[in-house]
Amino acid sequence: MSILFVVGALVWTYSLFPEMVAVDFANTGLAERYVSKEHIFYIIMGLFLLNNVVIAAFARHISNVDPMHLPIPNRKAWAQNRPELNEHLINWIYFLVAVINTIMGFSLFALATINSTQYKLDVFDFSWVYYAGIVLIVAVFLLPLRLLRPPVPEDKL
Numbered sequence: 270m271s272i273l274f275v276v277g278a279l280v281w282t283y284s285l286f287p288e289m290v291a292v293d294f295a296n297t298g299l300a301e302r303y304v305s306k307e308h309i310f311y312i313i314m315g316l317f318l319l320n321n322v323v324i325a326a327f328a329r330h331i332s333n334v335d336p337m338h339l340p341i342p343n344r345k346a347w348a349q350n351r352p353e354l355n356e357h358l359i360n361w362i363y364f365l366v367a368v369i370n371t372i373m374g375f376s377l378f379a380l381a382t383i384n385s386t387q388y389k390l391d392v393f394d395f396s397w398v399y400y401a402g403i404v405l406i407v408a409v410f411l412l413p414l415r416l417l418r419p420p421v422p423e424d425k426l
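Under this note's numbering, think of the first position of the sequence shown as 270, with each following residue one higher.
Treat each hint with caution, since some may be false.
As the list claims (entries may be wrong) - Below, in silico cross-link-like pairs of lysine to aspartate or glutamate (EDC-like), each with a Cα-Cα straight-line distance of 16 Å or less:
1) LYS306 with GLU288
2) LYS345 with ASP335
3) LYS306 with ASP293
What the hints assert, rightly or not - Distance ranges between label pairs, derived from CB positions:
4) ALA300 with ALA346: 22 to 30 Å
5) VAL407 with ALA325: 15 to 23 Å
6) MET314 with PRO287: 16 to 24 Å
7) LEU273 with HIS338: 30 to 38 Å
None of these hints come from the bench; they were simulated from the model. C-beta: ideal position from N, C-alpha, C; glycine also.
I would like the entire structure built from these sequences, with the hints used as guidance.
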């Protein structure tokens with residue numbers, strides 16, 4: 270879903286962007302720096318490929334890494350429950366990828382709306398994107414807290 274969201278946001282915003290897009294704003298809300306819409310497209314596509322190809326590739330290789338080399342507590346206990354450890358780590362990496370995609374999509378929509386002549390919103394109306402991004406990033410780093418507790422053996426479930 271996050272991949273479709275960021276691709277949809279990129280296509281939609283690219284069609285709405287003026288040739289020069291305001292990307293940096295003063296404290297008064299007036300634009301200070303502009304970037305061409307082609308540069309924004311290439312930057313977002315580069316981040317998208319880095320995120321969805323390189324970071325997601327780590328998820329496919331988690332099962333090949335020796336658990337004793339992973340930076341997790343209770344390594345010996347988790348090494349004995351490798352399928353559960355793999356599931357936790359793979360889900361964490363995919364959640365990280367989804368969060369990055371979501372932040373990029375929201376940022377593109379905000380940037381397109383700010384630069385649009387149809388809407389009368391300014392940069393301060395989109396401060397929620399910053400706070401939503403912070404909440405999502407904190408959630409990403411809270412997810413591995415489950416690894417602090419040792420795994421529960423299947424016979425005790």
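Next on the checklist: Of all the hints numbered above, which does this structure not satisfy? Sort the numbers upward.
Outcome noted: 4
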